[in-house]
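Throw the hints in and build the complete structure from the sequences for me.
Residues in the sequence shown are numbered consecutively from 0, following numbering that gives the first Met the number 0.
Accuracy of the hints is not assured; some may be wrong.
Said to hold, decoys possible - If you anchor each label on the Cβ, the simulated ranges turn out as follows: (1) Gln2 <-> Leu108: 16 to 24 Å; (2) Ala45 <-> Arg94: 21 to 29 Å; (3) Tyr1 <-> Thr83: 33 to 41 Å.
Calculated from the structure, these hints are not laboratory results.
Predicted model, so just to flag it, every value in this text is computed and none were measured.
Positions of the beta carbon are idealized from the N, C-alpha and C atoms, including for glycine.
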Amino acid sequence: MYQPYVLIHQPRPSHQILLHQALNAQGLFNVRISANANDLDACLNAERRPDLLILDHAMPTRSGLALLARQHRSRALLFVGKATPKHQNLAQEARNQGLWVLAELPWPLSMPRLQRALQTLQARPRQRIQTVISSPHAH
Numbered sequence: 000m001y002q003p004y005v006l007i008h009q010p011r012p013s014h015q016i017l018l019h020q021a022l023n024a025q026g027l028f029n030v031r032i033s034a035n036a037n038d039l040d041a042c043l044n045a046e047r048r049p050d051l052l053i054l055d056h057a058m059p060t061r062s063g064l065a066l067l068a069r070q071h072r073s074r075a076l077l078f079v080g081k082a083t084p085k086h087q088n089l090a091q092e093a094r095n096q097g098l099w100v101l102a103e104l105p106w107p108l109s110m111p112r113l114q115r116a117l118q119t120l121q122a123r124p125r126q127r128i129q130t131v132i133s134s135p136h137a138h
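Structure (structure tokens):
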């Protein structure tokens with residue numbers, strides 16, 4: 000069974016732990032936390048790119064927009080927290096750029112809403128090339 004790769008980019012250690020534990024409780028164990036921008040870039044440029052990138056809604060607008068500009072490297076985005084008046088709404092900006100925003104989840108994190116978002120991620124087919132072998136040659 001395919002196990003999605005989730006990357007958490009969250010500045011607050013307490014939120015990192017909560018998100019990691021919540022994902023584990025949902026059965027996702029291929030979870031990584033990026034500690035800083037360099038670590039995030041390394042993860043996004045690796046051979047296996049994240050299926051889901053979890054971002055803080057309140058991240059600084061400049062760094063958030065720069066991240067969205069190179070966001071073709073992961074399949075889906077999930078924003079946690081709340082967009083604030085002093086920051087641009089990065090989830091809406093991501094949608095405007097045609098990126099797949101799986102959900103926007105406020106703190107405290109709702110497990111049922113997280114579960115629905117993750118089910119959507121796993122239900123949407125991955126865009127891959129599939130090799131089809133006719134049944135006489137499948138032995």
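Do the hints match the structure? See the list:
| no. | hint | in the structure |
| --- | --- | --- |
| 1 | Gln2 <-> Leu108: 16 to 24 Å | holds, 21 Å |
| 2 | Ala45 <-> Arg94: 21 to 29 Å | holds, 26 Å |
| 3 | Tyr1 <-> Thr83: 33 to 41 Å | holds, 36 Å |
Hint compliance for this structure: no hint is broken.
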